[in-house]
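Peer 1: This is what each chain is made of:
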Amino acid sequence: MRIGLNKKNINIKKFIALSILLAIFVVVLNLTGFSKNIKNFFFLISSPIQKSFWQAGKNVSVFFAGILEVRILKKELDDLHLKNQELLSRVVATMELKRENEVLRKALGLGLEKEFQLMLARIISKDISQDSILINQGKKDGVLETLPVITGQKVLLGRIGQVYDNFSEVILISNKKSSFDAKISDSEIYGVVRGEGNFKIYLDLIPKDEAIFEQGDVIITSALGGVYPQALLVGEIKTISKSDTDPFQKAEITPFFDIKDLDYLFIITAW
Amino acid sequence: MVKKIIFFIFIFYILTLIQTSFLVHFNISGITPNLVLMAVIFINIFNSSQWQKISSAVIGGFFLDIFSLANGLAGFFGFYTLILTGFSFFLKIILERYVRFPVVQKI
Chain A
1 MRIGLNKKNI NIKKFIALSI LLAIFVVVLN LTGFSKNIKN FFFLISSPIQ
51 KSFWQAGKNV SVFFAGILEV RILKKELDDL HLKNQELLSR VVATMELKRE
101 NEVLRKALGL GLEKEFQLML ARIISKDISQ DSILINQGKK DGVLETLPVI
151 TGQKVLLGRI GQVYDNFSEV ILISNKKSSF DAKISDSEIY GVVRGEGNFK
201 IYLDLIPKDE AIFEQGDVII TSALGGVYPQ ALLVGEIKTI SKSDTDPFQK
251 AEITPFFDIK DLDYLFIITA W
Chain B
1 MVKKIIFFIF IFYILTLIQT SFLVHFNISG ITPNLVLMAV IFINIFNSSQ
51 WQKISSAVIG GFFLDIFSLA NGLAGFFGFY TLILTGFSFF LKIILERYVR
101 FPVVQKI
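Each protein sequence line maps, in turn, to chains A and B. Just so you know, we're using my numbering here: the first sequence kicks off at 1 and counts up by one. Just so you know, we're using my numbering here: the second sequence kicks off at 1 and counts up by one.
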C-alpha cells in the first residue's frame, strides 16, 4: 500500500516536472521567436507530402461533390439542353430570315414587284413519282389554283395544283399534266411547251417552215394561252428533232431551274 | 516507451498533414474534422498507460501548433499543446470518476 502511494507521488512529481519543462520550452520558443524557425523547418520538409495530400483531397472532393450534386447537375444539364435547343432554333430562324431576305432582295433587284403581285413561299417537299412540289402557302394565305409560280430570277416553275389550307401543290412545267403556249425569245415563233416528266420539257407544235430557231435559243412564255404572264423564262433549246412524216418540229428544252438549288419561290397572285 | 513516442510522433505528424491538406476539402459548413483531437481522445480512452496518454496529447498538440497558421491567442506556439494536455487530464478525471467500463472478471 505504501509502495503504491510512493509510486503515485513519484508520478505526480514527474508530471509536474514535465509540465514545468514544457511550459518553459513553450515560453522560450515564443519569446525568442524560435517557433518560426521550427515551423519553417516542418513546412519545408512537409511541403511535398502536403502538395500530394492537397491534390488528392481536391480530386476526391470533386469526385464526391459530383456524386452528391448529380441531381442538381442533371437538372442543370437538362435546362442547358433546353436552352441550347431554344437558341439553336433561334439561330436557324434567323438564318432562314436572312436567306429569305436575300431572295427578296434579288427579286426586288429584278423589279418583279413592279410587274406582279408576289407571294413568297418555301418548298417543303417534292413528289417522288411526278414533277410536283409542295409549298408552305395555302388557302389560308390566299393561294388559288392555277396561279403561276416563278423563281426570283423570273424563271417559270409551274402553276398551283391542289390547294390545301396551309400548303399547296405546284405542278412543275416538266410535269406530264403541264402544257402551255410559249415562244422563242426575239422571234415570232410560237409553240406549245409540254412536260414529259423527270424534268424533261419539249417545245412542240412548231410549224416545219419555221427554221430560224436553233440550239441555245431561249424559250419564254407567251400571253396566248392566258395561263401564264408573258415573257417568263422557261429554258433553252437543247436539241431539235425533225421528221419528214411529222408536220411539226419538236425541240427538247433544258429548264432554267434546278429544283435542288431552290428553297424559296414566288407565287404570282396578280399580273 | 521511446518506441511508442516515436510511433506517436510519426502518427500525429501524418494525421496533422492529412488534417491540414487533405481534409480541408471535406469541410462541412466550414468545419474540418480534427483528426488529431479524435486520435488523442481515442488513445486516452483505450490506452491504460498514463504516460502514453499525456505524451499523445503533447505530441498531437505540438504538431497542431506547428501547422497552425492562426493569429492571436491560437497563434501562440503551445496553445494546442496546452489545450490537448489539459483536455487529456480532464478526460482522465471524467473517466476515472464517472465512467465504468463493463469487464468480465475471472473468479
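These aren't lab readings, by the way, just hints derived from the structure by calculation. Since this is a predicted model, take the numbers as computed values, not measurements. Do not rely on the hints blindly, as some may be mistaken.
Said to hold, decoys possible - In silico SDA-like links for lysine to any residue, alpha-carbon gap of 25 Å or less: (1) A:K39 to B:F67; (2) A:K260 to A:K13; (3) B:K4 to A:I20; (4) A:K13 to B:F67; (5) A:K39 to B:F10.
Peer 1: Run every hint past the structure and note whether it holds.
Peer 2: Comparing the hints with the structure gives:
1. A:K39 to B:F67: With Cα atoms ~7 Å apart, K39 of chain A and F67 of chain B stay inside 25 Å; holds.
2. A:K260 to A:K13: Between K260 of chain A and K13 of chain A the Cα gap is close to 104 Å, so the pair fails against 25 Å, i.e. violated.
3. B:K4 to A:I20: holds (22 Å)
4. A:K13 to B:F67: The hint is violated at about 31 Å.
5. A:K39 to B:F10: holds (17 Å)
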